[in-house]
Amino acid sequence: MIYRETGQFKSSYASDQAIFPLVQDRIFVLLAVAVAFVVPPLFASEYWLQAVLIPLLIYALAALGLNLLTGYAGQVSLGTGGFMAVGAYSAFKLSTAFPQVNVILVFLLSGLVAALVGLVFGVPSLRIKGFYLAVATLAAQFFLIWLFNKVPWFVNYSSSGTITAPTRTLFGVTITGPEASPGARYMVALAMVTIFALIAKNLVRGRVGRSWMAIRDRDIAAEIIGVRPMRTKLLAFAISSFYCGVAGAELVFLYLGSAETLAFDINLSFLVLFMIIIGGLGSVLGSLLGSAFIVLVPIFLTNAPHLIGLPLPVALQKQIELMVFGALIVFFLIVEPNGLARLWQVTKEKLRLWPFPH
Amino acid sequence: MSRSKAVLIALLALVVLASPLAGAALAQSQSIFIPLLVYRTGPYAPSGIPIANGFNDYWNLVNERDGGINGVKLVWEECETQYDTKQGVECYERLKAKNPVLVNPYSTGITYTLIPKGPVDKVVIFSMGYGSAATADGRWFPWVFTFPTTYWSQASAVIRYMGQQESGLEKLKGKKIVHIYHNSPYGKEANPTLEDLARKYGFELTLLAVDHPGQEQKATWLQVRKINPDWIFVSGWGVMNQVAVKEAAAIGFKMDHIVGNWWSANDSDVVPAGEGAKGYKGATFHAPGTNFKVFQDIVKYVYDKGKGAGKQEDMGAPLYNRGVVNAMLSVEAIRTAMGKYGNKSLTGEQVRWGFENFNLTEQRLDQLGMKGFMHPIKVSCEDHEGNGPVLIQQWDGKKWNVISSWIEPMRDVVRPKIEASAIEEGKKFNYTQRDCSKEK
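First to last, the protein sequences are chains A and B. If you're matching positions, the first sequence starts at 1 in the numbering used here and goes up one per residue. If you're matching positions, the second sequence starts at 1001 in the numbering used here and goes up one per residue.
Derived from the structure by calculation, the hints contain no laboratory data. All values reported here derive from a predicted model rather than from experimental measurement. Hints are not guaranteed to be accurate.
Subject to a maximum C-alpha distance of 20 Å in a straight line, what follows is the list of computed DMTMM-like cross-link-like pairs (lysine to aspartate or glutamate) [what the hints assert, rightly or not]:
1. Lys1427/B x Glu179/A
2. Lys1246/B x Asp1396/B
3. Lys129/A x Asp217/A
4. Lys150/A x Glu1216/B
5. Lys1098/B x Glu1078/B
6. Lys1073/B x Asp1297/B
7. Lys150/A x Glu1195/B
8. Lys1398/B x Glu1313/B
9. Lys1098/B x Glu1077/B
10. Lys1122/B x Glu179/A
11. Lys129/A x Glu223/A
12. Lys1098/B x Glu46/A
13. Lys1344/B x Glu1064/B
14. Lys348/A x Asp25/A
15. Lys1428/B x Glu179/A
16. Lys1117/B x Glu46/A
17. Lys1171/B x Asp1256/B
18. Lys1175/B x Asp1256/B
19. Lys93/A x Glu1424/B
20. Lys1278/B x Asp1267/B
21. Lys1098/B x Glu1349/B
22. Lys1176/B x Glu1166/B
23. Lys1340/B x Glu1439/B
24. Lys1200/B x Glu1170/B
25. Lys1378/B x Asp1366/B
26. Lys1307/B x Glu1077/B
27. Lys1122/B x Glu1349/B
28. Lys1117/B x Glu179/A
29. Lys150/A x Asp265/A
30. Lys1122/B x Glu46/A
Facing chain B, according to a computed beta carbon distance under 10 Å, are these residues of chain A, among others [stated by the list, open to error]:
31. Lys150
32. Ser159
33. Leu256
All residues carry an ideal CB built from backbone N, CA and C; glycine is no exception.
In isolation and in its complexed conformation, chain B is listed as follows (with noise of 0.2 Å):
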């Protein structure tokens, strides 16, 4: 046998031999283990990066200021996804061998792949502000939560946004909407309460779908310039975003009269458009900006201890403050959990109590330097979206603006949607109705 094939050989021995070990999990006394999905490579890195940095830094921030949450120290591993839905089940997989409390799954595809599986590995499923509007009514889904609030609610937000600077929802009538969609179940997940409203307030509503990643858009534009819309609304992701934004400044369409959703309105995404895309607005639901205590905090904690996950002056990008809503809405619920099951390592069943009966006030967000930086929420167990209100931003080319006051969602067309979808969903899995009055 020559070299090269012993060598060859002994390569796949040492992989066949060597593997079984690395599922091996590290058991830790008093600590909570959070495993921290992301996507740093691949088409959606640009999303996913900033998403990432701001859980790193405000976890980091817990532990570094507080000790953790109540002295419990916070224990997270970041697994590379790709976004990609195979690759997240690996990444689950492996880490749940070190009993997470919760997942945050950031990519639909992955949400809708573990939302079966929570309630069985007893994990909570914390999509904030994405994954299935079905699993929002927590009647049907225990162990998923939404809030702030899902993709229909922002769609009635936005409309309800469109509706006012038209100066009036019957001002809707006639006028044009084309919803531009990343065609995966991401990009699908508005368009129903879209037709609804269609349907309702008498706009066209034309739905143009952008297949994945989305670097290839001359097509979807060619028809916008056809149909030559009053408003457009943009649900994209990671690359997509920027090549929609770019193409809108090409054909010069009223940049103040786009609406991207929450993850098409980050400073990744217009940027590199350059001035072509002043005035591109973007739905939100909390601030962009450094103006706040935390951020404050976190440069004395974590970033001049040379801790930071990112560039110091990345800080403040919507999809960053994301990530430290997202961390930050994680540690509170558990330090709910806490207040009923004592400070120390608490189980999966215990830190879903602390979702369902989470309640951030005016007051603690003031107490955690976050004053204004977001809307309070109140979970309950019927309701696991908290109903939150939206904001609308504006890029004026060098950074994010509120430009609108909280915008508040339409629960009327919204919520009797979710609970039939949450029946037909949860039909599917034979799930039955939990009794909310029995939920202590």
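Same shape as in the complex, but just chain A (with noise of 0.2 Å):
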């Protein structure tokens, strides 16, 4: 009744082009996102934005750059950890080196780094597919640590090997180092996020992101049609590859202020990867709503049983942890493979008809 088309022309192309065609849609998501930027800041506590808001964020920005890569371009890879420690030590060493640069501007810059670096391991994609490709990504993950871990140069010559966030301030707010508030980093965060998320939603509707679908759906009959797959591939390991960087440079920077090669382990790159699975492949929402459940249902479950008065062993709560997200994982994905998204597009479906479903 109220999610409907009808009375709804569209008297231009620019119009019938946008990326939200429905009205109540475009209200809907400005409202969210106004939402997002007004009511954390305001009303959560310091716990919720630090422990839970701004890594989410920053998960979802990994998450998008692998989706453009995996659930866009079809080409399956295990090295977003690598090339998030990229980012964060580009990020580290561009900082340390030109302190008065600009702490976005270093952001973008370790993305650069990190797209160049994913182009190099994007080139075996050219050959290689489907599980061979994920092992050849496997390569970057563990070499890329490796690097960082062997080379004393990326971390200054610290004798602990840690990287550590200094503080740089952004129009006079301090937004990194130890006195940054939660709020400012929620904020850049949250701003980081929402540009990104736009200019991922608009390359995926353009030729570029059809030129990636047509690689994904069948290669050589995208070549057939036209589409450069060496270019295309590259493209996608590229970009992919500059948001991972974005977000591991932040994830050092605005969540945990130092970090270890550790913090960028395999681990990491499964709980992307897992993010986008349950969130959707080849979804730009998608991505948002898998990190979001990945970060807060362990959050959730972790502090189920003292909301409900039970007081259990931390290791066994940790263990029942596990276990129960776990199988909402498998839960999940049998109720609905294609991921969160596609339940949210149902939703939707069925919303258009409410309150006369047929």
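Mind assembling these two chains? They're in different frames, but the hints should get you there.
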């Protein structure tokens, strides 16, 4: 009744090609973004900002990046953690070498460095596919982590091998380092996700995204109709790694404050991959929903026994958390193999018919 | 919509709605809250469980026997980190709402993340014998305490011990020493000191890294066979230790020429290797075993009342005792602060004063039932390390025995390094050096 396109006429190409052709969608999304920008900084506790929302946004950005590569271009990658590490370590090197450079610019530059590295590790994708490509990207993961562990130049010869986010400001507000308020860091992370999600959405609607999807669906057919596989695949690797690199830089600068290579180990790659599988492959919204699921559910499960006044030993609680979380993932994939994004789509379709379903 | 999908959406809605309630804090009057970051699951659990039990038992003892610290109850809450920095940060942020006065991170990674937060949140970071050696300079890092000692002091004491065994430090010249370390900030921490000492005493140092979690060490021990070192120093943690001991036994290396650091010498590290582990040595800053009055008290007030955290027969393992020591030091530092600010709930700043003016005398150790259990410590504004000496213990197949007297670290080598790196690390955070003569 409310959610219906009746009466909305498109009189120009621009309005017909809008990201959200329906007025209701536009309003909903704008409202959601506005709420995200206003409500948490005002009302959320420090715990919520620091331990839940900031990592959620950072993972969302990484998941967006991986979704472009795996969901849209069909190239399976297990190197996400490695590419994020490239972003983090380049951001650290850049910001300590050029302290006067704006920290957002540092994030973008480290994204570019990650893109270059992604380009190099994307080369095998021209010859190998599927599981074999996954193994090749696994090499990227292990090589990059080994490199950062081995070469002390990357950590400015610090004896512990830890990188630390220096204090930097943006428009006079401290956004990185220990004194930065969680609210400020949240705003930066949110702004980055919003902008990059918008860019991703436009990328996948346009020529680039269509050529990615053509490659994903059948690369030989795509080649025949004139999509250049090398350019397309490498572009996917580069852009995906750019997103992951920026997310990696944010992970250290906005979330952890200091990190070692262990923060970027293979588990991170799997985590981000699970996010896009659960959220929905080939969907921008799915990346956001998937990261929300993976971040929120364990925290909910950790806190649930306390909420109902059931004091469990922490070890047992952790085991239960892992089991329930695993079971939930299986349950989700059985019930909705196409991910949370598909669930959202189904809900919208039902809403269009509501209250008169046929 | 199918029913299962409805269930699905309902579940999701529940998560979204219920999670904001999670962080709600309970305020209690006249108590002191301490978060307890533990790891009872995952690859580091063999090391994490005894420590956590030691903490619980000692704090339970203080509450049961003395009714808290000078009558103020201790309240603590465990949080599982799995030795993972991200989970540790989540734990710290969650428990921060309960106004903690100090935190024992028990992971070098988590310590590094919390070091900059300490002064901002007004929480004392007590990294007892771990974390960053640079933070032992209290002029730069007022909120971090590493006493009784640091990795750098430990490395120098272990080298001194090796020298003693070779009948003189100068005899180390030309000897081959291998450092097998966990490839993380924790494991790397001792390397610069070892390198300096190698230059000073002319021994040949080889650094062999073992990647997290440390189950795979075949390549490392192949190299050890090739090098055939005179001494091996191990900085391992969790499952890495038992694998290292097993591998050493498998290649038939002289067990009494391997010295683990104080995180690599627990019962759980040597028992899996069986007879082969006999003779393995480890550093420590407190005695193993239960021949001290405090353990009788723990049995009487905690285990006999059914409040024990672990099994009674597991008491006395080095890492259990480490937990007890750490819990005791935390309690005594808070008690020191109460001496100035009164017997009530304290703030982080007040407890910090207690840490900085901490003076654990022989007499006080005797009163605590810990005579001979550990060395007296005195902390000062400049020196947050207390420069504690180190003991060497040896595994005889059944239990650990202390086989050395207290070995002094090489303060002349270590302290200048600490001061230099404190300046370097402090500058990263735009800190300034405190003038200690102005502190009271």
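Now the hints, each set against the structure:
1. Lys1427/B x Glu179/A: It holds: about 14 Å lies between the C-alpha atoms, which stays within 20 Å.
2. Lys1246/B x Asp1396/B: holds (15 Å)
3. Lys129/A x Asp217/A: holds (13 Å)
4. Lys150/A x Glu1216/B: holds (18 Å)
5. Lys1098/B x Glu1078/B: holds (13 Å)
6. Lys1073/B x Asp1297/B: The given pair, whose Cα atoms are some 18 Å apart, holds under the 20 Å limit.
7. Lys150/A x Glu1195/B: holds (16 Å)
8. Lys1398/B x Glu1313/B: The hint holds at about 13 Å.
9. Lys1098/B x Glu1077/B: holds (10 Å)
10. Lys1122/B x Glu179/A: Holds, at roughly 12 Å.
11. Lys129/A x Glu223/A: holds (15 Å)
12. Lys1098/B x Glu46/A: holds (12 Å)
13. Lys1344/B x Glu1064/B: Answer holds: Lys1344/B to Glu1064/B is near 18 Å, not above 20 Å.
14. Lys348/A x Asp25/A: holds (10 Å)
15. Lys1428/B x Glu179/A: holds (13 Å)
16. Lys1117/B x Glu46/A: Holds, because 13 Å separates the two Cα atoms, which is no more than 20 Å.
17. Lys1171/B x Asp1256/B: Between Lys1171/B and Asp1256/B the Cα gap is close to 18 Å, so the pair holds against 20 Å.
18. Lys1175/B x Asp1256/B: Satisfied, since the Cα-Cα distance of roughly 16 Å is no more than 20 Å.
19. Lys93/A x Glu1424/B: Judged against 20 Å, a Cα distance of about 16 Å means the pair holds.
20. Lys1278/B x Asp1267/B: Since the Cα atoms of Lys1278/B and Asp1267/B sit roughly 12 Å apart, the hinted pair holds (cutoff 20 Å).
21. Lys1098/B x Glu1349/B: holds (16 Å)
22. Lys1176/B x Glu1166/B: holds (12 Å)
23. Lys1340/B x Glu1439/B: Measuring from Cα to Cα gives roughly 14 Å; hence the hint holds.
24. Lys1200/B x Glu1170/B: Between Lys1200/B and Glu1170/B the Cα gap is close to 9 Å, so the pair holds against 20 Å.
25. Lys1378/B x Asp1366/B: Between Lys1378/B and Asp1366/B the Cα gap is close to 16 Å, so the pair holds against 20 Å.
26. Lys1307/B x Glu1077/B: holds (15 Å)
27. Lys1122/B x Glu1349/B: holds (6 Å)
28. Lys1117/B x Glu179/A: Within the cut-off at roughly 8 Å; holds.
29. Lys150/A x Asp265/A: holds (15 Å)
30. Lys1122/B x Glu46/A: holds (15 Å)
31. Lys150: Status holds, d = 8 Å.
32. Ser159: holds (5 Å)
33. Leu256: holds (6 Å)
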